[in-house]
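J.: Using the hints, build the complex out of the two chains.
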Amino acid sequence: MQTRKEKYKTVAYYPGCALEGTAQPYNTSTKAIAKELDLELQEIENWNCCGAMEVKNIDPEIQTYLSSRVLSLAKNETKQDVVMAPCNGCYHNLKKAEYDIENKQKSRDVVEKISKKADHPAYEAGEVETIHALDWIKFGYGEEELRAKIKGGLKGLKVANYYGCMYTRPRHIFPEKDQGGDSESTSKPHYMDDLLEIAGAVNVDFAMKTACCGGAHTLSDSDMSTKLVLNILQAAEAAGAEVIATECPTCHSGLEMHQIRALKRLSKQTNVKVIYFTQLLGMAMGLSPRKVGLHENVSDSMKFIREKGIA
Amino acid sequence: MAIHEKSLIRPENIRTHDNLVIDGVDVSGHWSTFIESRVVTDYNEALEEEISALPGGEYIHRCWQCGSCTNSCTVNAVNPDFNPRYWIYLIRMGMEDELLRDKEIIWQCVSCNKCTYSCPRDVAPEGVMKATAHWLELKGHTEPSNSTIFDTEFTRQVVETGKIEDGRILQNFLKNSGQPLVQDWLIQMVKQMLRNLPFKFLFHLGWATLFKPKTKNWDKARAAIEEHIAEEKAEQRVALGLSKQEGS
Chain A
1 MQTRKEKYKT VAYYPGCALE GTAQPYNTST KAIAKELDLE LQEIENWNCC GAMEVKNIDP
61 EIQTYLSSRV LSLAKNETKQ DVVMAPCNGC YHNLKKAEYD IENKQKSRDV VEKISKKADH
121 PAYEAGEVET IHALDWIKFG YGEEELRAKI KGGLKGLKVA NYYGCMYTRP RHIFPEKDQG
181 GDSESTSKPH YMDDLLEIAG AVNVDFAMKT ACCGGAHTLS DSDMSTKLVL NILQAAEAAG
241 AEVIATECPT CHSGLEMHQI RALKRLSKQT NVKVIYFTQL LGMAMGLSPR KVGLHENVSD
301 SMKFIREKGI A
Chain B
1 MAIHEKSLIR PENIRTHDNL VIDGVDVSGH WSTFIESRVV TDYNEALEEE ISALPGGEYI
61 HRCWQCGSCT NSCTVNAVNP DFNPRYWIYL IRMGMEDELL RDKEIIWQCV SCNKCTYSCP
121 RDVAPEGVMK ATAHWLELKG HTEPSNSTIF DTEFTRQVVE TGKIEDGRIL QNFLKNSGQP
181 LVQDWLIQMV KQMLRNLPFK FLFHLGWATL FKPKTKNWDK ARAAIEEHIA EEKAEQRVAL
241 GLSKQEGS
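Protein chains in written order, with my numbering: chain A, 1 to 311; chain B, 1 to 248.
Bound-form chain B, shown alone (with noise of 0.2 Å):
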């Protein structure tokens, strides 16, 4: 595969003029580009520390910026500005303007744990990803992902009845993300489902909608359950100077 090259000139920051001279000498027209100063001030030097108080984020402070992680990296293969290395060393720089402007993919992380295999420091960049795709929504700086949709719904059920069903869980989290449920794909699936055994996938179908899976005597577990969920993103929050509740 071809090296990534990623250009830290960003359109925004060249500058041509039509006319402009200098000292006596023209510097006009495109063959005399500027390049704006690049100059960082808005360090947020409590990045590292609020990264590292999130669930994931703990051994963010080990890492040496060997790149294993990007190098082994699942999403980074399919696109290259997916980049584990250089957002950790964002966090440790404070660069959160720089982190902001990759907000929108660092949720996408597959947790294949290739980079934590491959990390010479026990960084656990997988749990990095986590953390920051969870302090970027804490942070109010992007929506909910549809990972998050998709895993707040499978906790939900979990944690109401100890098991999920997969039909369920495929309908609400559809729902949820605002997709519709009737998809090329899905339908082709449910052909070939049908194609053997109607009357099973039919029967299993009504049967898992009208019983849901449930494991026996979970009340105690579940609010054992509630009440850590609570107390944990209770202490995330204040750990990230926000206020203890939601929306308070």
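Only chain A is shown next, with the shape it has when bound in the complex (with noise of 0.2 Å):
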């Protein structure tokens, strides 16, 4: 049987929206990785929106067919088994669409009549496997390899890992979680803590990896996301955090827009540095902050990264 090692070396890659517009330094960071590992990324090509958590609210099911077009394209245009979304989102709603095109009677009739009506093979569940950029760099790298691979690495940065919500919940979706092993919990989430203690972080104890920061409201109920997200940067600052790691853009983003709101709006200050976990990875392996894309953060935390002498 193939191992995830030879499964993972090539994989289709989506990056999704989020990645091409306000979370451009995640989809940068994510191939300058897979460059520096030898790592083979081959773009879907013509790929179209997942279909977010907005979607779904207006039909359930055209997400499910969005993300099945996605699927499809990756198994039949791109050729591949393996499908790469480093955004949570995306991730998840792949996940689902899998799920329910496997489970639903009615999602599998719906996405069969309109990839008929737009001309496309409609997609059939199994056929390709969803995994995160996190999936992709454990076991597609491989972590004793990745050890080999650091260079000069975070020196002891301390960390909080924050994995958000769409990376386990709900729990039927991720039916490879949970099971023992090296699986990854959903309660406890712990492969962007395995890689980033490699490279030469610190993992603080953080209570809130999996906690809410409102990103689907983020812009339509802001106080509420502020509140939420408040929390959230002042728990890893209690835990002695002095960045917080993180893998899914609306996360990212959420936790750069509302720090600057609970300033502004709620006169709290937080100092702890938002990075995503890619540009961690690569700057430990001596790539440059620039190109980790970590300048076009709106959180500025390039001073931070050259007096911690990780850069």
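In case anyone wonders, no lab produced these hints; they're calculated from the structure. The beta-carbon is built from N, C-alpha and C at its ideal position, and this holds for glycine as well. Some clues are possibly wrong.
Just the calculated beta-carbon pair ranges, DEER-fashion [to be verified]: (1) B:190 to A:79: 40 to 48 Å; (2) B:160 to A:205: 42 to 50 Å; (3) B:220 to A:103: 24 to 32 Å; (4) A:126 to B:11: 56 to 64 Å; (5) A:288 to B:245: 52 to 60 Å; (6) A:126 to B:214: 27 to 35 Å; (7) A:205 to B:15: 48 to 56 Å; (8) A:239 to B:214: 37 to 45 Å.
T.: Set out below in structure tokens:
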């Protein structure tokens, strides 16, 4: 049987809308890591939005169709059986589409109906495996191999690993999680912790790993989101973290935006930095901050990273 | 955190009398406060069925009232009046008037799915919250919430072009929800972005406005999606006893 290392060596890459917009640095750093680790990303051509949370609220089956089109492209056009999505929203939705198509007749019917009208093969359950950027590095490259790649490292940087909602909830769309062994835990996820520890970070004991940043209502109910984010920022600082490592563009931009908003509207200042885990990993491997797009983040951590001697 | 008690004795139901004698006993004054009997007669027996007919509400009948949803709820921790367990109870009992008292906050569910994660009966309370918010708007009990305005603009862009562009989403959302584009935190964010990459940022803004990101050969998918959404909407309206088309 093919090992995950062989299977994830070349994957269909689905960046999604956020990574081409507000989360560009996540895209930049993911690609920089792929190059550095000699993993091949074949971007799915002519992809569409996965439907995010918003389309689900208007019509859940349309969200399933949108995600299924991406899976169908990965299978039939990119010719890969693994699709990697760094965005938690995309990752979540592709997983959800997989589950719904396998288990719900209505979802299958709608996907078949629209795919036919749109002139492309309807996606069938099990054709493609969806993985997150965390799975991709942890298993596609390997932890011991990664250890050998670290140059300089994170020098004991104190990190709170923040996973958010969509990486682990609801449990039923992630049948491979909570299976013991090296599978991911939905209550205490640790893949990001594992990778950053190898990169030389000290992971603080952070109780809000899977708390919600209010990302779904970041603009429509900003005051609520500001309160939720402030809670996360303050908890990270109380746990002794200098940096919150993120693996979701919605969480990341939510933390950045509401850190500013908490200061402006609630006069609450927090100083913890918000950095994508791919940026931290890249810098630990010796890539320059600019190479991983650190200067493109809204929150300014260039000076901080230099002071820490990481770059 | 302190335990939040919801008082069922509402101020409008409290009666005191300046001058009242009953059977020779003087019961004047506030120490003899009476509470108006609480009688519910106007049950909407179709309420649970109507919520079940909307996407997300399908499994409401499974609820055992254990309260795991409210216990795990993100919004409940900020606003104790946000109580999914209670609303599921009211819907299943058909107590529409009681439900309507909270109509302005039900849309605030942030879809973190902690409730769905912890529910032992697979009710999927997150879906029930969405179905209920949707029901309130379809029935005309509330104006479209900010959340709905946002979802509508987002979905409009996806259906039209296959992709979204966050700058346009932000602009159109603020416009459609009647909010000013100039906000203190937004200015600060733009300033911080300009600090590091003034040229690239401005270039990106201009580029995205001129050239909307698009999926190629999207027209057929678009037509099929629009058709499906219209059919589903009509079906939902019929299930709620409304006319097929809005406003007809």
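J.: Compare the structure with the hints numbered earlier in the document and write down the numbers of the violated ones, lowest to highest.
T.: none
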